[in-house]
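Engineer: Chains as they are written, first to last, in this note's numbering: chain A, -14 to 349; chain B, -11 to 285.
Simulated from the structure, these hints should not be mistaken for lab results. For clarity, every value in this text was computed on a predicted model and none was experimentally measured. All C-beta atoms, glycine included, are put in the ideal place defined by N, C-alpha and C. A portion of the hints provided could be inaccurate.
As the list claims (entries may be wrong) - A short, non-exhaustive set of chain A residues, derived as facing chain B with CB atoms under 8 Å:
| # | residue |
| --- | --- |
| 1 | 53 |
| 2 | 57 |
| 3 | 58 |
| 4 | 76 |
| 5 | 169 |
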Amino acid sequence: MTEVTLSNIVKFYGKHQALHGINLDISDGEFVVLVGPSGCGKSTTLRMIAGLEDISGGEIAIGGRVVNDLPPRDRNISMVFQNYALYPHMTVRENLGFSLKIAKMDAAEIAKAADEAAGILGLEELMDRKPAELSGGQRQRVAMGRAIVRHPDVFLFDEPLSNLDAKLRTQMRVEIKKLHQKVGNTIIYVTHDQIEAMTLADRIVLMKDGHIVQVGTPLELFNTPVNTFVATFIGSPPMNLIDGVVSGSSTIQLADGLSVPVPASAQGQVHNGQRVKFGFRADNLMPYGHAVEEEGERADLELTVTLTEPLGTETVLFTDLAGTEVQGKMLNPRPVRPGEVLKFRLMLDKCHVFDAATSDAIRG
Amino acid sequence: MTRRRLPEWFLLLLPAIIVIAAVVLIPLIFSLYSSFTPYKLTRPSTLWKWVGTYNYEKILTDAKFWAAFGRTVLFLTIALNLEMLLGLGIALMVNKVTWGQRTLRTIIMFPMMFSPILVGFQFKFIFNDNIGLVNNALQSMGFNVALPWLVDGKLAMFSIAFAEIWMSTSVFAILILAGLFAIPRDPLEAAKVDGCTPFQSFRHITLPFLMPFIYIAMTIRSLDVARAYDIVQIMTGGGPARRTELLWTLMSRTGYVDARMGLANAMGYVSIILSVVFTIYFFRKLTAARAQIGMEG
Ligand SMILES: Nc1ncnc2c1ncn2[C@@H]1O[C@H](COP(=O)(O)OP(=O)(O)O)[C@@H](O)[C@H]1O
Ligand SMILES: [Mg+2]
């Protein structure tokens, strides 16, 4: 069983504090994704788990064993690096077998393990090439192969797809997920791309400035963001946020004389005069005739479309609501010209309210 | 009325051609020609007497020449390998230093800044059997000996090699240090994760990356050592009784002391083979090492 536990992990680079007390319990076989804007400390966290970076404070345990003072070789982890970090002087075969050779496994077994990994990742044809003779995608596969030959307790991935083009990225994302389903090891995966996080993770850990902001399943983060940062980071397009003031106990006054009721989830949690941000996702603002049929309290709005982004199955519509640019969606799209006025419905039950001062979600 | 004019490119290159001819080509042809004559500096007319391959035949059967040749190869092999190992060690240590590394790098290069003649005099004093530093130190430590550092054949070779290594290890250290700076960090980290001990990382990752730098240093130094002259000349003069005779001390003795320039030039051409062989050998190794780490092309 290989749980990974981080207890109050702190990291200083000189005087600069990169991590401020990270607490995280990862269970055996779980696929956890650390996501956040660049510079938030994801790689640092991962490299500390790998043993490539000193731990300034706190404790890391892998499989119940505290590893703070163990070198990487005693942690039984394997890592896929952002730049692949292949051994340029070795062939693909030697790259794959290197860790086993170091472990003093006999040559026949090494060859077998390398061939097996090559089979899983479709590298059979490339075994005798050097990394310089491979494309980015192929290098990425070799890096993955090198990680899986050893059957480690934990896989660590540091932005393994960020150097690939969009199409290959999508393809490799699927491969990684399949790989996880096949081998079932614990995986800790770092990315700055929320789509990768959403699609891959059993659980997402969203970080910012060396802190964990929210931990949860992809749907938890999507549906119940704890603050405006999570709301705008997770989901594409990001959640629309409009400034407003609570008036009475059940109305939010937006600019331009527009008002909306306080969503059911936040009722009783707001007070008169409180400055808030009213938030909703593009999926909740749809023009009639091109919307999901659903029950619930709704507001009807006549809005002028300023810009369209056709995506095929849906079109993202840009419009202005209460002086703020917001995005809505049109299903089964028809061509829309900028300037066209459409009648939208906003599903009020699914809206969010955040405190304007703290940015925290207001939810019962 | 047109006159044929030399093409412009030729006119432009002419100064360079003249200079190269004067300083390289003519001496080369002259020395090659004179190696087929019994040319003696004291009797210029001998320059016009053709003796064919007489000088070469004489050299090939000359035990003294082959002794010097063998000694040079041995000296070169030992000095180069020790310099490489010491230079590697120094470079690895300096690479670990985080504070004051620049100063340290400058200090490493100090020995290179001295003239070999001065280094020779310095070590001649250090190894002197009466007043030398080494023997005095040994004596004050209670060993009642006066080792004949520059007189005994083996000890004299050791002393010369010591001086040579002292002076030139920094060439290796600096070039290897440059190699260490150029090593990508990623594969080293990957090796750590793949289970390497620090020594295994060095053996499997660092060393292959350093090999091209080591071979470059080897090539430069093999040419340097193959023409070792100044230090030997100052410290022992090739003696006593030719026990430290290297190719160049032998050649200069033959050419300038015995004034037999024709013979000396023939020796020169035979010993060039040595440098050519070493250069080709190290360049092969260099190319192979570069190909290994994917630097070819
Ligand atoms: N070796 C280092 N020395 C000093 N500061 C560093 C070093 N590595 C990372 N940092 C700093 O630590 C913070 C977190 O970095 P990192 O973990 O690489 O971020 P991420 O991977 O999330 O983009 C950043 O502010 C970065 O500048
Ligand atoms: Mg990073």
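Engineer: Determine for every hint whether it applies to the structure shown.
Structural biologist: Each hint tested on the structure:
no. : hint : result
1   : 53   : violated, 16 Å
2   : 57   : holds, 4 Å
3   : 58   : holds, 4 Å
4   : 76   : violated, 11 Å
5   : 169  : violated, 21 Å
In summary, the numbered hints that this structure violates are 1, 4 and 5.
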